[in-house]
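J.: As a plain string of letters, each chain reads:
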Amino acid sequence: MPIILWTDALVFVLIACALATARYVSRREYLLSSWRRVGESRAGMAALTVLTMFVMIGLLDSLHYRPRLEAVAGKLANATNAANGYSTEVRSALDMLLMPLKSATEKTYSAPLATHLYARETVELPDGTQARVFPRLRHGGVHLKEPAQDWTRDVAARILLGLVFAVLAGLTFAGIAVRVAAQHWHVPWWTARQRICRGETRFAWNAVLVTLAALLLIAGPVVALAGGYHVFGTDKVGQDVLYLTLKSIRTGLVIGTITTLAMLPFAVALGIVAGYIGGWVDDVIQYVYTTLNSIPSVLLIAAAVLMMQVVIDTHPDWFATAAQRADARLLALCLILGVTSWTGLCRLLRAETLKLRELEYVQAAQAFGASSVRIMGRHILPNVMHIVLIAVVIDFSGLVLAEAVLSYIGIGVDPSTISFGTMINTARLELAREPVVWWSLVAAFVFMFVLVLAANLFSDAVRDAFDPRLAGRQVAPATQGQAA
Amino acid sequence: MIAYIIRRLLYAIPILIGVNLLTFALFFVVNTPDDMARMQLGIKRVTPEAIQKWKAERGYDRPLIYNAAAEGVGKMTHTIFFEKSVKLFVLDFGRADDGRDIGHEIRSRMGPSLAIAVPVFLLGLFVTVTFALLLAFFRATYLDFWGVVACVAMMSISSLFYIIGGQYLVSKVWHLVPISGYAGGLDAARFLILPVMISVVAGIGSSARWYRTIFLEEIGKDYVRTARAKGLSELAVLFRHVLKNAMIPILTGVVVVIPLLFMGSLLVESFFGIPGLGSYTIDAINAQDFAVVRSMVFIGSLLYIIGLLLTDLSYTLVDPRVRLQ
Numbered sequence: 017m018p019i020i021l022w023t024d025a026l027v028f029v030l031i032a033c034a035l036a037t038a039r040y041v042s043r044r045e046y047l048l049s050s051w052r053r054v055g056e057s058r059a060g061m062a063a064l065t066v067l068t069m070f071v072m073i074g075l076l077d078s079l080h081y082r083p084r085l086e087a088v089a090g091k092l093a094n095a096t097n098a099a100n101g102y103s104t105e106v107r108s109a110l111d112m113l114l115m116p117l118k119s120a121t122e123k124t125y126s127a128p129l130a131t132h133l134y135a136r137e138t139v140e141l142p143d144g145t146q147a148r149v150f151p152r153l154r155h156g157g158v159h160l161k162e163p164a165q166d167w168t169r170d171v172a173a174r175i176l177l178g179l180v181f182a183v184l185a186g187l188t189f190a191g192i193a194v195r196v197a198a199q200h201w202h203v204p205w206w207t208a209r210q211r212i213c214r215g216e217t218r219f220a221w222n223a224v225l226v227t228l229a230a231l232l233l234i235a236g237p238v239v240a241l242a243g244g245y246h247v248f249g250t251d252k253v254g255q256d257v258l259y260l261t262l263k264s265i266r267t268g269l270v271i272g273t274i275t276t277l278a279m280l281p282f283a284v285a286l287g288i289v290a291g292y293i294g295g296w297v298d299d300v301i302q303y304v305y306t307t308l309n310s311i312p313s314v315l316l317i318a319a320a321v322l323m324m325q326v327v328i329d330t331h332p333d334w335f336a337t338a339a340q341r342a343d344a345r346l347l348a349l350c351l352i353l354g355v356t357s358w359t360g361l362c363r364l365l366r367a368e369t370l371k372l373r374e375l376e377y378v379q380a381a382q383a384f385g386a387s388s389v390r391i392m393g394r395h396i397l398p399n400v401m402h403i404v405l406i407a408v409v410i411d412f413s414g415l416v417l418a419e420a421v422l423s424y425i426g427i428g429v430d431p432s433t434i435s436f437g438t439m440i441n442t443a444r445l446e447l448a449r450e451p452v453v454w455w456s457l458v459a460a461f462v463f464m465f466v467l468v469l470a471a472n473l474f475s476d477a478v479r480d481a482f483d484p485r486l487a488g489r490q491v492a493p494a495t496q497g498q499a500a
Numbered sequence: 286m287i288a289y290i291i292r293r294l295l296y297a298i299p300i301l302i303g304v305n306l307l308t309f310a311l312f313f314v315v316n317t318p319d320d321m322a323r324m325q326l327g328i329k330r331v332t333p334e335a336i337q338k339w340k341a342e343r344g345y346d347r348p349l350i351y352n353a354a355a356e357g358v359g360k361m362t363h364t365i366f367f368e369k370s371v372k373l374f375v376l377d378f379g380r381a382d383d384g385r386d387i388g389h390e391i392r393s394r395m396g397p398s399l400a401i402a403v404p405v406f407l408l409g410l411f412v413t414v415t416f417a418l419l420l421a422f423f424r425a426t427y428l429d430f431w432g433v434v435a436c437v438a439m440m441s442i443s444s445l446f447y448i449i450g451g452q453y454l455v456s457k458v459w460h461l462v463p464i465s466g467y468a469g470g471l472d473a474a475r476f477l478i479l480p481v482m483i484s485v486v487a488g489i490g491s492s493a494r495w496y497r498t499i500f501l502e503e504i505g506k507d508y509v510r511t512a513r514a515k516g517l518s519e520l521a522v523l524f525r526h527v528l529k530n531a532m533i534p535i536l537t538g539v540v541v542v543i544p545l546l547f548m549g550s551l552l553v554e555s556f557f558g559i560p561g562l563g564s565y566t567i568d569a570i571n572a573q574d575f576a577v578v579r580s581m582v583f584i585g586s587l588l589y590i591i592g593l594l595l596t597d598l599s600y601t602l603v604d605p606r607v608r609l610q
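Residue numbers (my numbering), protein chains in the order written: chain H, 17 to 500; chain U, 286 to 610.
Among the hints, erroneous ones may be present.
Stated by the list, open to error - In silico DSS-like pairs for lysine-lysine, Cα to Cα no more than 27 Å straight-line:
hint	chain 1	residue 1	chain 2	residue 2
1	H	Lys371	U	Lys506
2	H	Lys161	H	Lys118
3	U	Lys372	U	Lys360
4	H	Lys252	H	Lys118
5	H	Lys252	U	Lys457
6	U	Lys372	U	Lys338
What the hints assert, rightly or not - Derived, one-sided and incomplete: chain U residues facing chain H with beta-carbon distance under 7 Å:
hint	residue
7	Val304
8	Ser443
9	Leu445
10	Phe446
11	Met581
12	Val582
13	Tyr589
14	Ile590
Stated by the list, open to error - Where chain H lies over chain U, by a calculated footprint (3+ residues, C-beta under 8 Å):
hint	stretch
15	315–321
16	540–552
17	557–571
Calculated from the structure, these hints are not laboratory results.
Even glycine gets a Cβ: it sits at the ideal position worked out from N, Cα and C.
Bound-form chain U, shown alone:
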């Protein structure tokens, strides 16, 4: 088990290197720092001095990969590649365009992101699994049919509609909760309840339909017939046998996103003004702050790889037949 984890962690290194090289190519080779400077300073009427100053302030005035002017190790380290890309591996993200430390921003914004993402995740999982089990229980009846129709309709609605509609109805017309904003401590609940509800509702359609197919696939199997034959009630069959076995395919899709909860949700956070990592990313995209976007790309892939590892480990917990070696 330990050996397996270590080997998986070693596998992750080339992938992270690949992500790093890809982002480096995307941010510095496709466009030179000169292009970026010109873009930031305005295309027209930009002097070469202004470009030099912009680059020097952000440390983009070095050679890309190989610095012939420097001494010894400096040939490799006094470069954009080392300063901006290699340092990501030790989680040194550098500074954003407004001069703030990105690492510090990320640490302080993780809290609000988690405060919204964790309830959405848990509540969403509970609601969708319950709903899908209900549909499976009433399978091949009108209730099941209209439930599936509702699922298809719900997954055809844009997530923007849920957010805009919910915000309008609950906050503006009914005045139940504030439209947007955030506060620390227990006060946060007032601001979080609406975004959490909206995210859960927006996610029901596609997941519930998918879980329903998984449940129905399990229900057709022999052990379910055996369980019924020995006289168990349908509810006991569903909860004790079908649910447990259906957890394996469900886990594949669910566990992998757990680490990504740290990243928050782009849309919901920016609509509700929650100072998490999602709104941080959107602000960076709108301000064309490449340093922040680059850091988020790296963190995102790091968390995704951790998620994959967790998925494999969770298999051994729920399915004793799976042995990792």
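Bound conformation, chain H alone:
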């Protein structure tokens, strides 16, 4: 039974918006030229490739359903309530793909690629005596008969297999890319290959292909190893850390994008109206955002989240499943973050509109008798869109980082939602253990770092391409003698 959670619905709305924008832009040469400049940036395109991977994982994780309970379904075939045939557990398409990882739980911690548990247990030996040993894992490396001897060979073989597959997949993809490019430019394929390799193309194809190759070379061995081991180990309750990190990606992406989606209409509408109409409207809007802005955002978020928690906890009957409750909390967190973060963009847009209002084309439109709404929608809005775009991409990375901090403070996502913040929060005390349990913390930080770094690099590329102040600015180097 498919289920559409609130955040899923918004994610789909967001994708629809993105597709509509892409269609709109692709028909307008002057907008397309800025995007081409983004496409020329090597770092930007490499970052975009990584981001696309993350987004694809996040999208897979946004298709939710409730699995049918086989045994129960038979018994309840003629029961009055059809919903009884479905489990209360909400799963996603990603869960379905990762079922081997999700169901392969151990008793407690185990190190990456380990074959034995990380904690000693008392077991009874065949001769009746008891001993404290590290027991074998239930899933990690069970196919090995003699772990001590076979482990190295097996791991090496799997890594090799993964690398071979990665190389094959990479070559296939590169081949397709070269073929398509050759057809597009009407040149033989070796010329196309040469152009791409030397970076002579306008679009940074070489950056995309190199990044893809790197991703494949990492993903291949990981996938090959994940079949038999816990690649990133397991956490305290024995869940596979690789599974947790992949699930965290959706939470991060949802917070980074839905928040922006929620605040954008307010920020844009209020900013432009305040700037264009002025007078008491301007005063009221300025008063509202100064008031909201003057409360330190962490405290405002804390206050709002505490209140929302009371609402959710006092109305347990609103939510059919735990996942829906956690999702409501995630959505509410996005909205609250949106409320606290729209003021900056609103102020920027107001200032820009104040400038645009005095320009000739706006005055000409006024002289023609166009209504205020029309002028704001047709003449001012398109000319402030670059500010909106830059703000959106810059906000994204900050929001992903904020989620972790807020979850640590206890005002972030629901503790049952898998996110980088909840992972870090449960793992941070493990560094105090002896011996140290480092893997879940490191896995969460590394994935978060890659996601945020990619987002930062991409936002730099977008800003460089769209900010008119930066256009054509060249930084002259200091002369050699002075620099030395």
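Following the hints, complete the assembly by docking chain U onto the known chain H.
T.: Positioned in the frame of chain H, the structure of chain U alone reads:
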């Protein structure tokens, strides 16, 4: 000047009223005190008497805005709104859920918060400005390029990583300083040095990159060319001309946070067990102590408004062209 300050202070009043109304709506209208009582006492198996007792102990048993039962002025003052929200204006914060006086707690916790926030602020500003000036000095060289790359990488790392990693490495592996805790007097330095270093390092990435853009924007201007043309060395140009002029945009971002230093840092204080206002806020959030969170929201916005005023005043100090009227 004086007239300007007075007018700005008068402007601050409606904003503070707005903050006050907003927090009142958030804490008492979205959820009734009954909801809060039920939440605190546990959702299930809670008797109406227990709720009444909880509310009476904390003074939440009054009407929200208008008390019809009281006499005269009491109609307005014997209400939750007057007791809990209006009194914030005279910095009367009431009592926390554990019965302690919030005002007293705030005064005693300000010291530790400042002890960590002021060094972080000064040292951080010095380090980031120096680093950004260096990048500007070596602009368009490999050093500049890798410096910017380092900045982007550093701002992509979660602040939690700096804290957890630093604490693990310096305190647990190297045993250089205690992991957490606090002591009064000079002894405090032992506990403060690590959190201060970590906060400074965590802040370098984004600010240094931003300051670098500001410096580069100034370097492109005509007066810099004039200064070079008259034969000044590049260092003299950077320090005497560029730095001074770049201070104006830098001040906008910096002065506004000075009053907020009193509030301390949420993360660092709670990780290092420093009994400042930041850890006080986190403890209150975890204990769902609404009275404390409400007070902190009010103080926070008060300090922010003071910060805005200071920003405007500092402009006149660094830029003689700016006249306030």
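J.: For a quick check of understanding: which of the numbered hints are violated here, in increasing order?
T.: Violated: none.
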